[in-house]
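Asker: So in full-length UniProt numbering, spot 97 of the sequence shown is number 97, and the numbers just go up one at a time.
Treat the hints with caution; some may be incorrect.
Below 20 Å or equal to it, Euclidean Cα-Cα: the simulated DMTMM-like pairs (lysine to aspartate or glutamate) are [stated by the list, open to error]: (1) Lys295 x Asp390; (2) Lys569 x Asp529; (3) Lys295 x Asp436; (4) Lys569 x Glu533; (5) Lys569 x Asp535; (6) Lys370 x Glu338; (7) Lys335 x Glu360; (8) Lys569 x Asp507; (9) Lys335 x Asp436; (10) Lys569 x Glu508; (11) Lys370 x Glu334; (12) Lys295 x Glu360; (13) Lys335 x Glu413; (14) Lys335 x Glu460; (15) Lys295 x Asp280; (16) Lys370 x Glu360; (17) Lys569 x Asp506; (18) Lys569 x Asp477; (19) Lys295 x Asp382; (20) Lys569 x Asp487.
Pair by pair, the computed Cβ-Cβ distance ranges are [to be verified]: (21) Leu87 x Ala290: 34 to 40 Å; (22) Thr283 x Thr361: 32 to 38 Å; (23) Asp390 x Thr468: 48 to 54 Å; (24) Ala282 x Thr531: 42 to 48 Å; (25) His403 x His539: 21 to 27 Å; (26) Ser560 x Thr284: 44 to 50 Å; (27) Ala290 x Trp76: 50 to 56 Å; (28) Gly555 x Asn301: 29 to 35 Å.
Treat the hints as calculated values from the structure; they're not laboratory data. The model shown is predicted, which means the values in this text are computed figures rather than measured ones. For each residue, glycine too, the CB sits at the ideal point set by N, CA and C.
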Amino acid sequence: MTTLVLIGFLGGLITGISPCILPVLPVIFLAGGAASARPSPSFAVAPGTGISLGGTPGAQEDHRATRPVPRAPSKWRPYQVVAGLVLSFTAFTLLGSTLLTALHLPQDFIRWAGVVLLVLIGVGMIVPRFMHVLEKPFAAFSKAGKHTGTNGFGLGIVLGAAYVPCAGPVLAAVSVAGSTGRIGVDTVALALSFAAGTAIPLLVFALAGRRLTERVSAFSRHQRRVRIAAGATVLALAAGIVTDLPAVLQRALPDYTSGLQRSADPGLSRGGGQRSACVDGATTLADCGALPSLKPTAWLNTDGEAAPQGSGATLVDFWAYSCINCQRSIPGIEKLYEAYRPYGLQVIGVHSPEYAFEKETANVQSGGDKLGITYPIAVDSDLETWTNFDNHYWPAQYLADAHGQLRYTHFGEGGEATLESLIRQLLADQGNALPDPLFTNDGVKGVAFHRTPETYLGHERAARFAGTEAYSAGTRDYAAPASLGADRFALQGRWTIGAQSISPADDEAELRLMWRGRRVDLVVSGEGDLTWEMDGQTHTQHVSGTPNSMTLVNGDTDTSGLLTVTASKGLALYSFTFG
């Protein structure tokens, strides 16, 4: 229970500072200071004294109605608004996970209802008479001229419904950690803790709005203009929800779901019990419990809605199309599939994205085609299958028998011979006469030479930067040091540092990397020229199209040295991987 509460609370905090807060941010901001900016003592609907949802006077505005009259009770208004929002949001969240299915309503019903409310609130901010109509249901909360203390709370109730659409994707990522699909103690605890976490940043916005109205006199002198601007903003953001703008914004930011997964990793681990019997690197089959369920957003390379279970064995392989380690292991998986499919082996490639651009199904299809994958692909863009398996690696293999019981796990590259041997054992148990083995050794298992670890370039996961400048979000000039230590990188020129990638801010900029291994691959996207030099040899290649990995160095022997990469403006560099 403690773990669920922590997960929900952290997820709520992330939601409160994510792009999905934008649709209700103007209303929250203005609502926090509405009471202290006007003389109306309550959430009343009387002309000239009524409160509007935009936090401004009603339709009949006069000089007396706009003169600020400070009142002590107004200091509680931000807390009332947020409390009402939390209660409403929690109720809608629970309804969304239970009653929609029971009532056979579309799963996006609450989303569209919230969009409608946003539109109504936006129009009401611009047209005061229309706002009076919206306020009538809340007239019972107060009487004109009397303060009841429930005005802000009633406004929060309305905003909670409008908040549901933007919270959907984030709440889904949190709820997969512990939701039972039924209203029980766990479900309620998760929803309440999520709402509580969300309330903290919302309260900060509301308090900031109150402070602004108290200290900036121009705000109260021009309330009508502010109200109209805020209403137009709310309408624009409602339109953004319809066109899926929050998803676009979220793709441009760090992947908060994977960040939450890493931070709460010990609490979310489901590897206990029988699962612990499967040890990475084992050479024999074990009894590790049932194979976890697959929850893809789409299927590729299969005519049905799901891949069939193998009659003799099922191999689940986690991969990402820009992961060079996966690219090296997939040919072996494909060979196993082609050789043993006639004997009852089913392979399922679960594509769990490492970067935001890998969530696009079309990109996954393109990446799979380039790698020659013919077995079914489960597109796991929401990372639900990744979470169900409690997986932590690209690539990772999970082998199950004909009864759906997990018998073997392997993480990372190599291990083809061992994997094939265990597959053959499971298939032989079904009475199959098998062909000769494909593999005689486990590939990279015997490699002892040190190779440079995967090097991320975005500030979210960057490590081993050798420069003296700040390596954080923004654009600045960099100067590379005279020498670099092993596995370190530096920048030269003007660069823009993003959460996941870096881009030249001028016509071109330079990156220097001291690496060890046999092969260097770079994940790059955009449109432009990439030039790299090592040991006096220079190569240039034009980059265009879908973000993917390109090979810069590919040798037969272990080596080390300085690699200099020059990128033109328009390119985005994500990470280096080494073999």
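Asker: Check whether the Cα positions of Lys569 and Asp535 lie no farther apart than 20 Å.
Answerer: Violated, at roughly 25 Å.
Asker: Between the alpha carbons of Lys569 and Glu508, is the straight-line distance 20 Å or under?
Answerer: holds (5 Å)
Asker: Lying within 42 to 48 Å: is that true of the beta-carbon distance Ala282 to Thr531?
Answerer: The hint (42 to 48 Å, Cβ to Cβ) holds, given that Ala282 and Thr531 are roughly 45 Å apart.
Asker: Starting from Lys569, check that the Cα of Asp507 is at most 20 Å away, please.
Answerer: holds (5 Å)
Asker: Are the Cα atoms of Lys370 and Glu334 separated by 20 Å or less?
Answerer: holds (13 Å)
Asker: Holds or violated: the 32 to 38 Å window for the beta-carbon distance between Thr283 and Thr361?
Answerer: holds (37 Å)
Asker: At the C-beta level, are Ser560 and Thr284 separated by a distance inside 44 to 50 Å?
Answerer: Given range 44 to 50 Å: violated, Cβ gap about 37 Å.
Asker: I want to verify a distance hint. Is the separation of the beta carbons of Gly555 and Asn301 within 29 to 35 Å?
Answerer: Holds: the Cβ-Cβ distance is about 33 Å, inside 29 to 35 Å.
Asker: Taking 20 Å as the top limit, are the C-alpha atoms of Lys569 and Asp487 close enough?
Answerer: Violated. Lys569 to Asp487 sits at ~26 Å, over the 20 Å cutoff.
Asker: Can you let me know if the beta-carbon spacing of Asp390 and Thr468 is within 48 to 54 Å?
Answerer: Violated, since Asp390 and Thr468 (Cβ atoms, about 40 Å apart) do not stay within the stated range.
Asker: Hinted pair, alpha-carbon criterion (20 Å max): Lys569, Asp529. Please report holds or violated.
Answerer: This hinted pair holds, its Cα atoms lying about 8 Å apart.
Asker: Between Lys569 and Asp477, does the CA-CA distance stay at or below 20 Å?
Answerer: With Cα atoms ~15 Å apart, Lys569 and Asp477 stay inside 20 Å; holds.
Hint compliance for this structure: hints 3, 5, 7, 14, 15, 20, 23, 25 and 26 are not met, and every other hint is.
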